[in-house]
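Student: Order-wise, the sequence lines are chains A and B. Letter 425 of the first sequence, counting from 1, is numbered 425 in my numbering, and no numbers are missing. Letter 26 of the second sequence, counting from 1, is numbered 26 in my numbering, and no numbers are missing.
Keep in mind the hints are simulated off the structure, nothing from the lab. Take the hints with a grain of salt, since some may be wrong.
Restraint ranges, calculated between C-beta atoms of paired labels, are given here [claimed, not checked]:
1. A:N365 to B:H32: 43 to 51 Å
2. B:R134 to A:E309: 28 to 36 Å
3. A:D333 to B:N6: 21 to 29 Å
No experiment lies behind these values; they were computed from the predicted model shown. Just so it is clear, CB atoms sit at the ideal spot from N, CA and C, and this is done for glycine as well.
The primary structure of each chain is shown beneath.
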Amino acid sequence: MIMETLTVKQKQYLEQPKERISGSEAVVRCLLAEGVDVLYGYPGGAIMPVYDELYKYQDKIHHVLTRHEQGATHSAQGYARISGKVGVAMATSGPGATNLITGIADAQIDSTPIVCITGQVASHLLGSDAFQETDIVGISTPVTKWNHQVTKASEIPEVIAKAFYIAKSGRPGPVLIDITKDAQFEEFDFQYKKCTGVRSYIPVPKTDESSLKAAAELINNAKKPMIVWGQGIILSKAEEELKTVMEKAGIPSAWTIMGASAIPTSHLLNIGMVGMHGNYAPNVLTNECDVLIAIGMRFDDRVTGKLDEYATQAKVIHFEIDPAEIDKNVKTDVAVLGDAKATLTKLLPLLKSNSHSDWLQKFKNLYAIEFEKVIKNDLHPTKEGLTMGEVLNEINYQSKGEAAIVSDVGQHQMIACRYAEFNVSKSNITSGGLGTMGFALPAAIGAKMAAPEREVVAIIGDGGYQMTIQELGTIFQTKVPVKIVVLNNEFLGMVRQWQQLFFDKRYASTEMTNPDFVAIAKGYYVDAKRVTKREELGSAIEEMMKSEDAYFLEVCVEKEDNVFPMVPSGASVSDIRLE
Amino acid sequence: MEKEINQYTVSVYTENNIGLLNRISAIFQRRHINIESINSSASEIVGVTRWTILVNMTEVNIKKIIGQIEKQVEVIKAYYHTDEETIYQESCLFKVKSDLLFEERQIQNIIKESNARIVTVNKEFFVLEKSGRRNEIELLHRELSAFGIMQFVRSGRIAVTKDEMKITEMLAAFNN
């Protein structure tokens with residue numbers, strides 16, 4: 001009776017041969033079915049049955065033991081960010097699960113597709129304050145795209161399929177699946193079917209053709225158009241489409257920190273980074289353009305500065321996949337919903353060929369001012385102390401712009417994002433929205449493992465490095481040849497900079513008395529070197545780049561350098577300071 | 001105009017899943033918005049839950065909130081409406097000593113005039129049910145207070161909209 005009402009596909013599915021396996025084996029089989037070849041995690045009581053299966057399947061799936069669960073999430077993020085695939089992290093219940101939260105929150109705000117699987121106490125113990133019980137579904141709710149608790153083995157295939165589908169579709173994000181220990185032990189008839197849709201979820205909204213026409217008309221009539229693209233370009237794999245649009249319409253184009261590397265640094269229409277420590281020209285001219293075309297970005301406060309004085313003269317067009325971002329921070333004149341690759345493809349034929357050479361010249365003129373006042377001194381300093389900028393300059397030179405740069409959070413991050421040269425997309429891996437210190441070292445592990453053919457250089461400050469320094473153990477044990485550069489100014493540099501500028505140099509708890517970083521790296525059997533003089537820098541970086549194994553380089557830089565330009569907190573983008 | 005705070009009824013159609021209350025209430029909590037009342041019930045569609053949430057805020061912000069609610073994977077659709085755009089009611093129960101019903105003539109008049117309904121009567125107490133607008137319920141509460149109320153409870157607002165919701169069409173579109 002029931003069979004008659006089913007579709008052909010459903011019938012085929014039901015008629016598939018079933019196997020009787022445990023929930024924990026099903027977890028591993030589901031991961032394999034989703035194409036997972038590596039996952040990052042840390043075992044513990046409530047997830048042990050799954051680890052037992054990972055042991056049996058170790059020739060097919062590589063589990064990397066991180067030294068802390070936070071490291072597992074950041075590694076999964078690094079893996080996802082460089083490859084565009086879903087990263088996977090695993091942890092036990094209680095403290096294992098809560099340690100994932102920082103990475104999950106980071107993935108949520110930076111739209112990174114990761115799936116986290118946590119063990120949970122047996123279902124009959126739920127709510128009894130059992131050993132290592134914590135309400136991880138409750139805790140992770142505000143920082144996940146979706147989460148779910150599984151208490152029956154039979155739910156596992158469908159829930160994991162849904163987890164991967166939700167994590168990577170539409171605007172990506174983190175998903176957490178919590179599986180009780182009894183569900184891991186329970187046997188059931190296993191079948192796996194990939195998820196192709198969830199009825200309450202529209203990953204990509206429909207594009208209104210009239211919005212595309214309206215956008216094209218604004219762009220075609222603009223005298224001073226400016227594009228600001230974000231990570232949406234990278235997530236949608238729309239780099240070529242963006243480049244074609246930029247070139248056809250002759251539009252100077254800037255990027256947010258998350259959009260970095262989508263278009264090569266050397267491209268003539270690439271006018272640099274917007275935001276608090278972005279480039280001078282795109283910040284100043286945001287308040288002079290007549291049409292602002294935002295693509296796959298979300299007008300973060302670090303991008304806009306004072307909202308009331310942000311591009312008020314401009315018509316704003318917003319290409320965006322997430323309808324909740326429209327008018328959230330900046331009121332748009334035309335919203336083009338949809339996936340950037342598709343909408344830019346449709347936009348292209350509607351655009352007239354153009355070149356805005358006088359307008360582009362304005363950006364070049366302001367760049368010349370920034371170069372004279374800031375960039376020259378950062379990249380080619382004449383003072384004695386080493387600058388963070390010259391380290392980046394040397395890395396650019398030796399990597400020929402081919403390296404993926406994984407940065408942590410703070411001054412070195414701003415310097416890395418400002419000065420790193422990128423020829424290839426997905427090369428700038430950093431914690432943008434959440435600003436998670438400790439992100440870079442574990443993220444670099446994931447990035448290098450997902451793209452072993454690429455040079456992966458982690459640029460980290462002395463503060464953030466010590467937040468996840470234990471991942472050196474993962475690097476050593478797993479033999480991940482990442483290059484680690486710590487720019488050591490013996491300060492929490494960005495906070496110190498703010499204290500200098502806005503708190504009358506009261507350096508409250510920002511000075512760091514650091515350990516011997518080289519000795520620590522060597523303790524983990526990682527080759528290491530310390531550089532304190534300019535003449536040593538080139539050869540040290542050369543040695544690092546040539547190394548086939550992991551390598552640690554500490555560069556002792558000027559203690560009290562500041563990052564400029566800077567849009568002071570609460571100021572308008574056009575009030576950006578050069579000194 | 002944009003900064004004017006109004007009362008809005010938020011209607012949310014969702015899957016009937018554990019944890020959604022948390023997910024939806026967190027959207028308000030994170031923005032420091034107090035939920036005046038919240039009601040979860042079945043809807044006109046089998047298996048679909050309908051939430052009715054009453055909040056006071058600006059229209060600019062309620063639009064953003066609706067966007068954030070709709071963004072949740074298990075939310076099918078969310079709407080906001082002003083009082084004028086909905087037909088809305090609240091319901092309440094009063095537990096009152098039974099002697100009063102027989103000894104105080106005025107109570108009988110109050111019940112009659114307020115269109116309240118006696119749900120049950122026994123030796124100790126009787127229970128009065130009243131559905132209506134908030135002011136009607138508050139009036140009845142004030143009138144009965146003079147005699148003493150043993151227990152009082154009022155439900156959250158429930159509301160249907162004058163406009164169509166078209167949820168069934170949306171779900172049908174997914175199945176095809």
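Student: Indicate, hint by hint, whether the structure satisfies it.
Tutor: These are the hints, each one checked on the structure:
| no. | hint | result |
| --- | --- | --- |
| 1 | A:N365 to B:H32: 43 to 51 Å | holds, 45 Å |
| 2 | B:R134 to A:E309: 28 to 36 Å | violated, 42 Å |
| 3 | A:D333 to B:N6: 21 to 29 Å | holds, 26 Å |
Checked against the numbered hints listed earlier, the structure breaks hint 2 alone; every other hint is satisfied.
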